[in-house]
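Here are the chains, one letter per residue:
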Amino acid sequence: IMDCYRKYAAVTLTILSVVLHLLHAFPDGEFLMQGCPECKLGENRFFSKPGAPIYQCTGCCFSRAYPTPMRSKKTMLVPKNITSEATCCVAKAFTKITLKDNVKIENHTDCHCSTCYYHKS
Amino acid sequence: MKTVNCYVLLFCWEAICCNCCQLTNITIAVEREECEFCITVNATWCSGYCFTRDPVYKYPPVSSVQQTCTFKEVVYETVKIPGCGDHPESFYSYPVATECHCETCDTDSTDCTVRGLGPSYCSFSQNGSNQ
Chain A
1 IMDCYRKYAA
11 VTLTILSVVL
21 HLLHAFPDGE
31 FLMQGCPECK
41 LGENRFFSKP
51 GAPIYQCTGC
61 CFSRAYPTPM
71 RSKKTMLVPK
81 NITSEATCCV
91 AKAFTKITLK
101 DNVKIENHTD
111 CHCSTCYYHK
121 S
Chain B
1 MKTVNCYVLL
11 FCWEAICCNC
21 CQLTNITIAV
31 EREECEFCIT
41 VNATWCSGYC
51 FTRDPVYKYP
61 PVSSVQQTCT
71 FKEVVYETVK
81 IPGCGDHPES
91 FYSYPVATEC
101 HCETCDTDST
111 DCTVRGLGPS
121 YCSFSQNGSN
131 Q
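Chains as they are written, first to last, in UniProt numbering: chain A, 1 to 121; chain B, 1 to 131.
No lab work stands behind these hints: they were computed from the structure.
Hints may contain errors.
Claimed, not checked - Restricting the straight-line Cα-Cα distance to at most 30 Å, the calculated cross-link-like pairs of lysine-lysine (DSS-like) are:
no., chain 1, residue 1, chain 2, residue 2
1, A, 104, B, 72
2, A, 40, A, 80
3, B, 58, A, 40
4, A, 92, B, 80
Unchecked claim - Okay, the calculated bits of chain A under chain B, using three or more residues with CB under 8 Å as the criterion:
no., segment
5, 60 to 68
6, 98 to 107
Think of the CB as a built atom: it goes at the ideal place given N, C-alpha and C, for glycine as much as any other residue.
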C-alpha cells in the first residue's frame with residue numbers, strides 16, 4: 001500500500017514540476033493564463049460586418065498599488081497616500097475607419113500593455 | 001490518498017497559476033529626513049492582472065472603464081521611527097491593504113500613474129533603491 005502511495009506522490013510531483021516549468025517558460029508581461037486572457041486582438045462584434053471585421057485590443061495587463069513614497073508625496077500638489085501603477089491593453093497600431101453617418105472608429109492591428117486613459121474615477 | 005493528491009494538485013495549481021489581482025507581501029521604506037536614513041516595514045498590498053480593453057469608438061470620447069488592481073479595503077498601521085541627535089523618535093502611519101480587486105483608480109485617494117518610484121524607494125540609500 002505504501003508503495004502505491006509513493007507512486008501517486010511521485011506522479012503528482014512530476015506533473016507539478018512539468019507545469020511549473022511550462023509556466024516559468026513564459027516571458028513576463030502579457031501573460032496567458034487561465035481566467036485572465038493575454039492582451040491581444042479580438043473581434044468587435046458590435047461594429048464588425050460580414051467581410052469587414054473590426055478588431056479591438058482586449059486582455060489582461062499588470063498593475064499594482066502601494067503606499068506613496070514620502071519623496072513622491074512632497075512633490076504632489078495634493079498629496080495622496082496611495083500610488084497606483086497601471087497598464088492597460090491598448091492598441092499599438094490601428095487604422096481609422098469612417099462608417100456611415102460619419103461615425104469614426106479605430107480598427108486595431110496590434111496590441112500591447114501600455115498607458116491607461118480610461119481608468120480613473 | 002487519491003483524493004489528497006487531487007486536492008494538493010488543485011491547491012498548487014490555484015496558488016501558482018492565479019496571477020489575478022491579489023494581496024502580495026511588499027517592503028516599504030519609511031524615511032526620516034532629519035536623520036537621513038530609512039527603515040523598512042513589511043506590508044501587504046495589491047498587484048496582479050486585470051482585464052482591460054481599448055475602445056474602438058473614441059470620437060467624441062465616451063466613458064469607457066478600464067480597471068486596475070487596487071485596494072478594496074485598507075487599514076492604517078503605525079511604525080516607530082528611531083531618532084538621532086537632537087531629533088527624538090517619531091511615529092509614521094502608513095496604509096496597508098487588506099483586500100484587493102480590479103476597479104477604476106480612485107483619484108481622491110490615489111495617485112493614478114503608469115510608473116512611480118516604487119514602495120521601497122529611499123532618498124538616502126546609495127542608488128535611491130526602489131522596486
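A quick look at each hint next to the structure:
| no. | hint | verdict |
| --- | --- | --- |
| 1 | A:104 with B:72 | violated (37 Å) |
| 2 | A:40 with A:80 | violated (33 Å) |
| 3 | B:58 with A:40 | holds (19 Å) |
| 4 | A:92 with B:80 | violated (47 Å) |
| 5 | 60 to 68 | holds (count 9) |
| 6 | 98 to 107 | holds (count 5) |
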